[in-house]
Amino acid sequence: MSVTATKTDFDLLPYAGEQHEELPFIRKYIFSTDHKVIGTQFLFMSLFFLLLGGMLAMMIRWQLGFPAQPIPGGELLPDTMTPGGIVLPEFYNSLVTMHGTLMIFFAIMPLLVGVFGNLLIPLQVGAADMAFPKLNMASFWMAFPAGLLMLASFTVEGGAAAAGWTAYAPLSSSGEWTGVYLGQQLWLASLFILGFSSIAGAVNYITTIINMRAPGLTWFRIPLATWSLFITSWLILLAMPILAGALIMLLSDQTIGTTFFVPETGGEPLLWQHLFWYFGHPEVYILIVPAMGITSEVIANGARKPVFGYKSMVLAIISIAFLSWIVWGHHMFMSGMNPMLGNAFMITTMLIAVPSAIKVFNWLGTIWKGNIHFHTPFLHGAAFVSLFIVGGLSGIFMAATPVDIQIHDTYFIVAHLHYVLFGGSLFGIFAGITFWYPKFFGGIMNESLGKLHFGLTFVLYNLVFFPMHSLGVQGMMRRLYDPYQYDYLADMLPLNRFISISAFLLIVVQLIFIVNFFMSMRRSNKCGPNPWRANSLEWTLPSPPPHGNFQEMPVVYRGPYEYSVPGAEEDFLPQNEPPKDVERVPGPFEQPAD
Amino acid sequence: MNWFLPPSVSTFGPEIDRLYYIILVITGVIFLVTEFLLVYFLIKYRKRDGHVAEYIEGSMKAEIIWTAVPAVIVIGLGIMSFGVWSDIKDPSRIPPDSYELILHGRQFEWEATYAGADGILELDCEPDEIPCGDDFSLLNQINVPVNRPVTVHLRASDVLHSFFLPDLRVKQDAVPGMSIPVWFEATQTGQYTIGCAELCGLGHYTMEGVLVVQSASEFQQWETDQAVALQDESPGGSTVTLPEETAIQTPDNAAAKEVMVASGAEDS
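Taken in sequence, the protein lines are chains A and B.
Under the numbering used here, the first residue of the first sequence carries the number 728, and numbering increases by one thereafter.
Under the numbering used here, the first residue of the second sequence carries the number 2, and numbering increases by one thereafter.
Some hints here could point you the wrong way.
Pair ranges (Cβ atoms, derived) [claimed, not checked]:
| no. | chain 1 | residue 1 | chain 2 | residue 2 | range |
| --- | --- | --- | --- | --- | --- |
| 1 | B | Phe37 | A | Phe1101 | 16 to 22 Å |
| 2 | B | Gly84 | A | Leu964 | 36 to 42 Å |
| 3 | A | Val1242 | B | Phe37 | 34 to 40 Å |
| 4 | A | Gly1294 | B | Ile44 | 27 to 33 Å |
| 5 | B | Gly51 | A | Phe758 | 51 to 57 Å |
| 6 | B | Ile65 | A | Thr945 | 21 to 27 Å |
| 7 | B | Gly84 | A | Thr882 | 41 to 47 Å |
| 8 | A | Leu1179 | B | Pro15 | 36 to 42 Å |
| 9 | B | Pro8 | A | Gly800 | 55 to 61 Å |
Pairs of lysine-lysine, DSS-like flavour, derived with a Cα cap of 27 Å [stated by the list, open to error]:
| no. | chain 1 | residue 1 | chain 2 | residue 2 |
| --- | --- | --- | --- | --- |
| 10 | B | Lys62 | A | Lys1178 |
| 11 | B | Lys45 | A | Lys1253 |
| 12 | B | Lys48 | A | Lys1178 |
| 13 | B | Lys45 | A | Lys1178 |
Hints listed in this document are in silico derivations from the structure and should not be mistaken for laboratory results.
We treat Cβ as the ideally placed atom computed from N, Cα and C, and that holds for glycine.
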């Protein structure tokens, strides 16, 4: 395949050599337009929210494991939340709502899209920066205040939103049902602003990937991390406006007396669910697809083998993205939507198992006959595969509508979504952070601490979430402040207590990650450009790459997973390494030999 | 860890359970095989000195197999589910001679309304007027006859609730502005849990009720007793006082107790 670089391509890309003036501190680290700095800003922001979301989960687990007992240290919180350390029912509803909201919108989504989208896309496509650097900066500076607004909602009268992260109307459409007025409105406003941030990011990613690829970087030579972020960006671009519209309608119901979702005056509660899940199901894949891309990278790198079936991996991502638009009804099987729609949505939902299975088998094919280096990123990637299998298979129970009758809105769902969002996405995030840490901070994270953190997290994670399937099968509903009010759930206290204790340990071992994360930043910990002996373009740059990234335009000759190529000197072959029969490196205007 | 469903006491319960166990076996086998392969590969192909990975880009044959096989399995499961789902949820398949009652969900109680002595259930009754005519209603309790289809006209007066009978494999959201027919046929007498499965506010966890399944004669006797008792008290419809043992247990902590009192005062 031959590719010709045009003059226009070159003009678009100011390379590092052209701009080396020192920027003042505030332009370099605060209001920066450098995609790597913005990615790092997103990293700190979303890790903070990840920790906070985890703390909220601990309070939920405390209440479920030790109901009506004071939380150790809980008396430090205001009396409107935990008087005498005991969680109030209204605060419990805020906890489940805000745990879900913070984790989905302010932790997992920015970690995958804001962090890795920003860091990786320009580096992997060989560009100096994003297509619209200022829009990129604006994207972070919309996300950050949105997060602050969400945090502020804890402090207002009535407390934070308490209608669930899905904010089902009419519970969410008037404060008279929950006692939460301003908190719910801040929740709506915050997500509305965050939506703008996501759309700005998505526009940037799509433009950058389409327009700014280095010469020779054809579509089927793009690393799967960038491919997955490209598909994710389309989902964001198309789904976020739907959420924004729904949020405005709900905010109007709350504040100016419209009744979109209130039946007495012609509204329709199910309309909210349709709008929310028409956005919400693509959102679910926004939260997992980039982690799939990251997993493909680290697994191929660890196994020292090409990704098995690269093209079918790309097609599987595209299929998942396409199917994500026609499955939203499975969230509404019990909602009162015409039950005959259930049969249609069941089939589309079942079909998602097909591209998911393709991905799993291709990952297995990738490690088959490999020479596996068990570095920390690979371990997290392998954990992703093993846990995504569980999350995928449990999805089949819920897709089968008759079985869903029993497990809908129970802990089976909680188990399933955490197998996908924690077992899948978060392990993918750990894989990504440990893998690309050099490109953020210049060194690699300590491998011994990394493996210790991985092992403990993997075991404790399963102790927390696997038993939840069993709770759900027995009929334990979600979001119950005190499940043991129900006679048939009373004997589930011991299992819940076991889950809670495992969860407390799970968050404690995250300290290992936090310590490792900050300790590995020290200057003495520098590493070379390519510590993992990987192929894609970011590994040709110093760690961390300079402002403007590439000194000269890279030229790409092959795909990103040329590991253990027969006849090659090393077990990796960088994308920009000229083929042996080419005497010299061709300039950007020349046609590279293929 | 218990993967077994609680015993089911409705006519369609065994159908749902059968499907559940089929899926459990299929996914269980897939789970074991894939996880075994993963672990086996991780051990067998671990890094060894002098060893190199084999350069394999993929296999079209393998891709076709692992696309086709899962597709056949899931579409098969889908086809098996069609009939069961339609039998349970399709309003046109509700058995014609079913016993009818209305169930209202509201923060945080269930109110069941029965036809009074005239045998006519007032389906057009406005929520704030229940019960209409000589209909009678009771809180957090439903009595139904065994071995007879029952249709519950499920409604909600404020926010979403979800009518959940875990032992009968029944779940349906109650939606303000809609009246959703839900049918079931209990196969065993006894007392069973009514739960709320949709977050409906701060007393959500207290929204428990009891389903009393009685033999045909017991049920008829109960129905007559209720209607007579009401006629003695007042000519219009009325709410039956709850028997002691079925009243909602008050929550343990003081704060939640206050909540209960407050919500009770609001609704009465």
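Has the hinted range 55 to 61 Å been met by the Cβ atoms of B/Pro8 and A/Gly800?
-> violated (43 Å)
Is the Cα-Cα distance between B/Lys62 and A/Lys1178 27 Å or less?
-> Status violated; Cα separation ~36 Å.
With respect to the beta-carbon atoms only, verify the hint that B/Gly51 and A/Phe758 lie 51 to 57 Å apart.
-> Because 53 Å falls inside the window, the suggested range holds.
How does the Cβ-Cβ distance of B/Ile65 and A/Thr945 compare with 21 to 27 Å: does it lie in that range?
-> holds (25 Å)
For A/Leu1179 and B/Pro15, compare the CB-CB distance with the range 36 to 42 Å and indicate the outcome.
-> Violated, since A/Leu1179 and B/Pro15 (Cβ atoms, about 49 Å apart) do not stay within the stated range.
B/Phe37 versus A/Phe1101 beta-carbon gap, inside 16 to 22 Å or not = Hint holds: Cβ distance 19 Å, inside 16 to 22 Å.
Assess, step by step, whether the Cα of B/Lys45 is no farther than 27 Å from the Cα of A/Lys1253, and give holds or violated.
-> violated (33 Å)
Given the proposed pairing of B/Lys48 with A/Lys1178, does the C-alpha separation stay at or below 27 Å?
-> Holds. B/Lys48 to A/Lys1178 sits at ~17 Å (cutoff 27 Å).
Range agreement (Cβ of B/Ile44 with Cβ of A/Gly1294, hint 27 to 33 Å) | The hint (27 to 33 Å, Cβ to Cβ) holds, given that A/Gly1294 and B/Ile44 are roughly 29 Å apart.
Using the C-beta atoms of B/Gly84 and A/Leu964, is the stated range 36 to 42 Å upheld?
-> Once the Cβ atoms are compared, 40 Å apart, the range 36 to 42 Å for A/Leu964 and B/Gly84 holds.
Check the following: the C-beta atoms of B/Gly84 and A/Thr882 are separated by a distance inside 41 to 47 Å.
-> violated (53 Å)
Are the Cα positions of B/Lys45 and A/Lys1178 separated by 27 Å at most?
-> Answer holds: B/Lys45 to A/Lys1178 is near 20 Å, not above 27 Å.
The earlier numbered hints that this structure contradicts are 7, 8, 9, 10, 11.
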